[in-house]
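Number of protein chains: 2
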Amino acid sequence: MSKFDEEREQLHNKLLEMSSLVEAGIEHSIRAVIHKDESAASEVFQNEARINTIEVEIDGLAIDLLALHQPMASNLRFIVAALKINTNLERMGDLSVNIAHSARSLIDGPAIGAIVDIPLIAGLVQTMVRKSLDAFVACDVVLARSVLTSDDAVDSLRTACYHQLVAFMEKDPRNIRPALNLLNVTRTLERVADHSTNIAEDVLYYVRGIDVRHQSGD
Amino acid sequence: MSKFDEEREQLHNKLLEMSSLVEAGIEHSIRAVIHKDESAASEVFQNEARINTIEVEIDGLAIDLLALHQPMASNLRFIVAALKINTNLERMGDLSVNIAHSARSLIDGPAIGAIVDIPLIAGLVQTMVRKSLDAFVACDVVLARSVLTSDDAVDSLRTACYHQLVAFMEKDPRNIRPALNLLNVTRTLERVADHSTNIAEDVLYYVRGIDVRHQSGD
Numbered sequence: 001m002s003k004f005d006e007e008r009e010q011l012h013n014k015l016l017e018m019s020s021l022v023e024a025g026i027e028h029s030i031r032a033v034i035h036k037d038e039s040a041a042s043e044v045f046q047n048e049a050r051i052n053t054i055e056v057e058i059d060g061l062a063i064d065l066l067a068l069h070q071p072m073a074s075n076l077r078f079i080v081a082a083l084k085i086n087t088n089l090e091r092m093g094d095l096s097v098n099i100a101h102s103a104r105s106l107i108d109g110p111a112i113g114a115i116v117d118i119p120l121i122a123g124l125v126q127t128m129v130r131k132s133l134d135a136f137v138a139c140d141v142v143l144a145r146s147v148l149t150s151d152d153a154v155d156s157l158r159t160a161c162y163h164q165l166v167a168f169m170e171k172d173p174r175n176i177r178p179a180l181n182l183l184n185v186t187r188t189l190e191r192v193a194d195h196s197t198n199i200a201e202d203v204l205y206y207v208r209g210i211d212v213r214h215q216s217g218d
Numbered sequence: 001m002s003k004f005d006e007e008r009e010q011l012h013n014k015l016l017e018m019s020s021l022v023e024a025g026i027e028h029s030i031r032a033v034i035h036k037d038e039s040a041a042s043e044v045f046q047n048e049a050r051i052n053t054i055e056v057e058i059d060g061l062a063i064d065l066l067a068l069h070q071p072m073a074s075n076l077r078f079i080v081a082a083l084k085i086n087t088n089l090e091r092m093g094d095l096s097v098n099i100a101h102s103a104r105s106l107i108d109g110p111a112i113g114a115i116v117d118i119p120l121i122a123g124l125v126q127t128m129v130r131k132s133l134d135a136f137v138a139c140d141v142v143l144a145r146s147v148l149t150s151d152d153a154v155d156s157l158r159t160a161c162y163h164q165l166v167a168f169m170e171k172d173p174r175n176i177r178p179a180l181n182l183l184n185v186t187r188t189l190e191r192v193a194d195h196s197t198n199i200a201e202d203v204l205y206y207v208r209g210i211d212v213r214h215q216s217g218d
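Sequence order for the protein chains is A and B.
Residues 1 to 218, numbered by our numbering, are exactly what the first sequence covers, in order.
Residues 1 to 218, numbered by our numbering, are exactly what the second sequence covers, in order.
Everything hinted at is true.
Copies of the same chain are indistinguishable here, so a pair counts whether it falls within one copy or spans any two.
Derived pair list, reagent style SDA-like, types lysine to any residue, alpha-carbon separation capped at 20 Å:
#: 1; residue 1: Lys131; residue 2: Glu23
#: 2; residue 1: Lys3; residue 2: Gln70
#: 3; residue 1: Lys171; residue 2: Asn181
#: 4; residue 1: Lys14; residue 2: Arg213
#: 5; residue 1: Lys3; residue 2: Met72
#: 6; residue 1: Lys171; residue 2: Asp117
#: 7; residue 1: Lys36; residue 2: Arg177
#: 8; residue 1: Lys171; residue 2: Thr159
#: 9; residue 1: Lys14; residue 2: Val207
#: 10; residue 1: Lys14; residue 2: Phe78
#: 11; residue 1: Lys14; residue 2: Asp211
#: 12; residue 1: Lys14; residue 2: His214
#: 13; residue 1: Lys36; residue 2: Gly109
#: 14; residue 1: Lys36; residue 2: Gly113
#: 15; residue 1: Lys171; residue 2: Ala160
No wet-lab data here; the hints were simulated from the structure.
With the rest of the complex left out, here is chain A:
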């Protein structure tokens, strides 16, 4: 294996490590909300420092590869995609922290199940996250494209949640504070879905050299 291939594999493995951490963070943050699970929220906060450290390491590896090996064609595209995927993963990590904060505020509030279907939207978003990361690992263009089409379903569900939560707030002013936290959770999940879409676009760019951003339906 050449020095370049070795370092490229190192970059790839670091991205996989980052992906696992971020995916776990999202899962814990959702569990913290749904099951009012304080320890799941704490795990998210503990993960954050590690994610931030790896983000800096990945950028360093990518930039070293550019500087030392002057890669071309698909190797160059892989590194540019790695830089972008890295940024998206780090933001997703931040968003899981954001959800974990809302989970903490919700712990002493009313039962959530009757108000809004968080597991439904969370399930959709987690599937998008998983597919976008699997598409990256397997260079799977079909899987990456399937992520792009899921984004609309998340947006509609988020809008439905918004209307349910507004009605819940209007019914009783004591509902306002918990509803605002739940609104934050659904909105943040939608942002997680947006980052999965970005990653899927980066995969398409890297594998096929095509730029699908801002095309029809965007």
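Given chain A's structure and the hints, the job is docking chain B onto it.
Leaving out everything else, chain B in the frame of chain A:
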């Protein structure tokens, strides 16, 4: 001027064009909220397609520079920073569209001035945007650092707005819908500030080769 310098200048100029468009978008979106100015909101929507087009152009120029000239040291850092600044600018453009949507929903609502001080937080955020872009143009490390310290002030102000808006909602259920739109405006402005911080960090990386992300206070 060498071919590389020529193309590097072209990339720099495109980023300036993008910056101007994004800054104008933010300004119009804020004007739309504060003055209930429908035409300012429309300008934001019209700007969006142009911003998306330039985003793709800038990435293309940056990747061509990497592929054709294999730049080193500060030239390489400039191109990596350009890729990252480009992403941040495009997101800021999206956020101005988000604010313009809230502005439209607020047009038939109550006068905003008495509820929450949008001009104060907007002024702070616009100053951060301006400074981060000026720091990029002038390679000004001191200016870039001043952006990083402003972020805390925006966060505190946003928290204060949150409490004011919750109190406003709790007073009368008819206040809930306009207050949610105003909450969206303040939260989105905070996100614009976060992107300015990211740009300031990219400038520090590019000019000095130092990575200030995730250091104390982060």
